[in-house]
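K.L.:
One line per chain: the protein sequences are V and G, in this order.
Per this note's numbering: the first sequence = residues 1 to 492.
Per this note's numbering: the second sequence = residues 1 to 302.
FYI, nobody ran anything at the bench for these hints, they're computed from the structure.
Treat the hints with caution; some may be incorrect.
Stated by the list, open to error - Distance windows between CB atoms, simulated:
id: 1; chain 1: V; residue 1: Arg492; chain 2: G; residue 2: Phe32; range: 22 to 32 Å
id: 2; chain 1: V; residue 1: Ser474; chain 2: G; residue 2: Ile41; range: 53 to 63 Å
id: 3; chain 1: V; residue 1: Asp482; chain 2: G; residue 2: Leu39; range: 35 to 45 Å
id: 4; chain 1: V; residue 1: Asn361; chain 2: G; residue 2: Pro36; range: 21 to 31 Å
id: 5; chain 1: V; residue 1: Ser453; chain 2: G; residue 2: Ser54; range: 20 to 30 Å
id: 6; chain 1: G; residue 1: Val126; chain 2: V; residue 2: Ser300; range: 18 to 28 Å
id: 7; chain 1: G; residue 1: Lys63; chain 2: V; residue 2: Gly136; range: 57 to 67 Å
Source: prediction; values computed, not measured.
No residue lacks a Cβ here, since even glycine has one placed at the ideal position from N, Cα and C.
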Amino acid sequence: MNSKKWLTMGMAGVLAAGALAGCGTSGTGTSSSGETGSQAAGTTGTATTDAAKTTAKSGTKAGGSVKILASVTGGKDEEEMKLFEQALSEATGLDVTIDKPASDYDKVLMQKLGAGSDYDLVYVNAPQYASLADQGALLDITSYVKNSDILTNNIDPQEWADITIDGKVYAGFNKKEVHRVVAINNTLMKKAGLDYKTVEPTFDGYYNMLKTLKNASSDPEFYPINAVMSDAWDLQPYFAAVGAKEGVVLDENGKKYAPYAEDSAAPVWEWFKKLYDDGLLDPASFVDKTKDMRAKMEASSQKTAVTADWAAWVGLHNSTAAAAGVSTDDYEIVSLPGLQTPDGKYMLGKGSASLFAVPANAKNVEGAIKVLEYFATQEGGELLSTGIKDHDYTGTDGNYTLTDIGATHGNDHGAPFPIYKDYKPLFPYAAGVEEAMSYAKYASIDMIIPNESDYKEIVGKWGIRIIKGEVFTSEGLQSMRDELVERGVTER
Amino acid sequence: MNKDKKNLWRKMKRFRSIYLLMLPVLIYFVVFSYYPLILGIVKSFQEVKLLGNSEFVGLENYKTVFTNSQYHQAFINSLIVGGGTFVFQFVWGLVVALVLNEIRVKILRSAFQTVTFIPYLLSWSVVGGLWITILSPTGMVNGFLRLFEGASYTPVAFMAEAHYARGIMIFTGAWKGAGYFAALFMASIVSIDGSLYEAARIDGASRIQQIRYITVPVIVPTMKVVAVLSVMGILRNFDQIFVMMNATISDKVKNLLYLIYEQGILKFNVGEATAAATVVLVATLLITQAVRKLLHYDAIYE
Chain V
1 MNSKKWLTMG MAGVLAAGAL AGCGTSGTGT SSSGETGSQA AGTTGTATTD AAKTTAKSGT
61 KAGGSVKILA SVTGGKDEEE MKLFEQALSE ATGLDVTIDK PASDYDKVLM QKLGAGSDYD
121 LVYVNAPQYA SLADQGALLD ITSYVKNSDI LTNNIDPQEW ADITIDGKVY AGFNKKEVHR
181 VVAINNTLMK KAGLDYKTVE PTFDGYYNML KTLKNASSDP EFYPINAVMS DAWDLQPYFA
241 AVGAKEGVVL DENGKKYAPY AEDSAAPVWE WFKKLYDDGL LDPASFVDKT KDMRAKMEAS
301 SQKTAVTADW AAWVGLHNST AAAAGVSTDD YEIVSLPGLQ TPDGKYMLGK GSASLFAVPA
361 NAKNVEGAIK VLEYFATQEG GELLSTGIKD HDYTGTDGNY TLTDIGATHG NDHGAPFPIY
421 KDYKPLFPYA AGVEEAMSYA KYASIDMIIP NESDYKEIVG KWGIRIIKGE VFTSEGLQSM
481 RDELVERGVT ER
Chain G
1 MNKDKKNLWR KMKRFRSIYL LMLPVLIYFV VFSYYPLILG IVKSFQEVKL LGNSEFVGLE
61 NYKTVFTNSQ YHQAFINSLI VGGGTFVFQF VWGLVVALVL NEIRVKILRS AFQTVTFIPY
121 LLSWSVVGGL WITILSPTGM VNGFLRLFEG ASYTPVAFMA EAHYARGIMI FTGAWKGAGY
181 FAALFMASIV SIDGSLYEAA RIDGASRIQQ IRYITVPVIV PTMKVVAVLS VMGILRNFDQ
241 IFVMMNATIS DKVKNLLYLI YEQGILKFNV GEATAAATVV LVATLLITQA VRKLLHYDAI
301 YE
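In isolation and in its complexed conformation, chain V is listed as follows (with noise of 0.2 Å):
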């Protein structure tokens, strides 16, 4: 072979190489986008008096710097962010710094972790949680929370619960996570003379509404409702109707499987079938996103009534609305828990734990508790809420305004929702949101499982050939559950 023919392969060798490098520049962050402005109805509020607060300064014994990889927690820019970094290491009395990768947080997460980078905590996702304390690379710290009087008391047990791991818990809570409910239109609904309160329940009765919206509507382009079918995002509230829960779930013999793949979920599938065959399913529900979804839904376009999503975005489409000066008239979003499942109640989907991790190599284990334990306090949740006290809002004794920057920020500095249980927040929630919170009662979190993607994937896949009648429901459900056996997400 000539110098030539080396030259050129080479060249080939080095562009190959960017494939062991690292693969593409386009990867995801993690947003907490799903539960962003859930307070932002009002710019004052009177809900908390200083004296009331709950703090970490009683809890565990720490000092030293703590180091923290965040995605959505802190400033939303780098002046914000250094007042974050100091506002937190104020008030638990460490030194604390916070890397917040601009974009392709997963990426940064695998190099940083994979060249051995000394953080404290770093932030996770359920399936990054379920991967990392599978590899080891995830610290232990199921003693520390037991002997944590701010964890043990100030959270939720059932929170520990779904995060528990072969009994062991390896991180503690960026945020509370909501439920995703239907949200509906009630302004179109009205122009249909429909009542919201008294749709019923049930695969007829939610076929009904539609079909009244759709023929309501002049607009050859509305479809009355719309799903993010290609990775089955939400369709939770129904798939009650059938009692199928989200996800994967174990059987009586500890067996995975997926209850929307069994045969017993096929009348919900064949429900979208019809909805899909009478023009009632967005056909765009097939490709659309989650961003797509809610465009459709907002006040400007109005091209769909219906959809599944999460608690706070009811209230984010209205303060949306109403800070364009569109009045409640015109555009209101309400919400609703689904159909009912067969022993009469409702199944909500809440959303999979965003955590901060124990690094198994992080030096400072005591700190990172520590900040663990400020977060879960009324007054770590104001700073992971509505912000920095004195730039986001300005106040005392429970009158308190939002500054104009805090305005912007929508009272989420990475938690709308704080783990705290007994949280108050600083400033009311966007209209609708109280409502859609009152049915977390329904909601419960999905199993954790590291190939989460490969589920969404498969059960989105068959899911639409079913809807779309390229397959018969019970070939398309054999051929579902088939795929996620084979693919290790199911046992069965």
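Given chain V, put chain G in place with the hints provided.
P.N.:
Just chain G now, with coordinates in the frame of chain V:
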């Protein structure tokens, strides 16, 4: 042999200042390309733990890659979409270059060249979003079809139709890159001696004949270089798939690099991901070598 070595050493000594200039580039490639490459290959034989000691597992990761049907399908998808995009983009770019060469009005030529080149400058998040919108049920394509078919027309979510998926990826990929190929071909076309065309015209050659017997033969070496450089990227298409893929069409378009991203970045399964990436590297080298042979690439320099 000794004489050759002596000559080589003498040449190196003579041009040492030039070789010294190469040093920074060499260091750059060693640090940023070959070191990660070797590290990646080593990791492909390990069960990698992000924190803690990784364990050597022999060929276990490769066994997974070669026996897992997902990788088989992804390899087929990579070849079809990557290969299809390359061929379509190549022909499209060539046609654009030839058309550009025939446009005599300068402002028109500049406008045409700009319009065809702009998509290449845009990122896949822009281009992907654009085509997803155009192909959506309320997009331009459905709008046109409704015009022809009337009010009873049922819009099609093209991006959710598995049988269109590869075609869409190939078309949009070629649409984005054709302007770049055209610019490369144009660079070669403008260097053709004008007297060749003049002589051909005197001999009565038509425009088509001038293209066929002068333009195309002259730019063949450029076409070979473009072809070899492009086939190196056939298996490396990530951004487009990341932006445009959805669950409905994943069976048809999910490629090796996307799978590597899923395994390595999302699931922290670095050992398996690097094994698959090494396979991509070897496959790229083999494909490149095959194309070189096929095109008699070395003849360019003879």
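K.L.:
Can the suggested window of 57 to 67 Å be confirmed for the beta-carbon pair lysine 63 of chain G and glycine 136 of chain V?
P.N.:
violated (23 Å)
K.L.:
Mind checking the hinted window 18 to 28 Å against the Cβ distance between valine 126 of chain G and serine 300 of chain V?
P.N.:
holds (22 Å)
K.L.:
Evaluate the given range 20 to 30 Å for the C-beta pair formed by serine 453 of chain V and serine 54 of chain G.
P.N.:
holds (24 Å)
K.L.:
Does the beta carbon distance between arginine 492 of chain V and phenylalanine 32 of chain G stay inside 22 to 32 Å, or does it fall outside?
P.N.:
violated (47 Å)
K.L.:
For the pair serine 474 of chain V and isoleucine 41 of chain G, does the Cβ-Cβ distance stay inside 53 to 63 Å?
P.N.:
violated (46 Å)
K.L.:
Given a hinted range of 21 to 31 Å, is it respected by the beta-carbon distance of asparagine 361 of chain V and proline 36 of chain G?
P.N.:
Taking Cβ atoms as reference, asparagine 361 of chain V and proline 36 of chain G lie about 22 Å apart, which means the hint holds.
K.L.:
Taking 35 to 45 Å as the hint, is the beta-carbon distance of aspartate 482 of chain V and leucine 39 of chain G inside that range?
P.N.:
holds (38 Å)
Violation of the numbered hints given earlier is confined to hints 1, 2 and 7; the remaining hints are satisfied by the structure.
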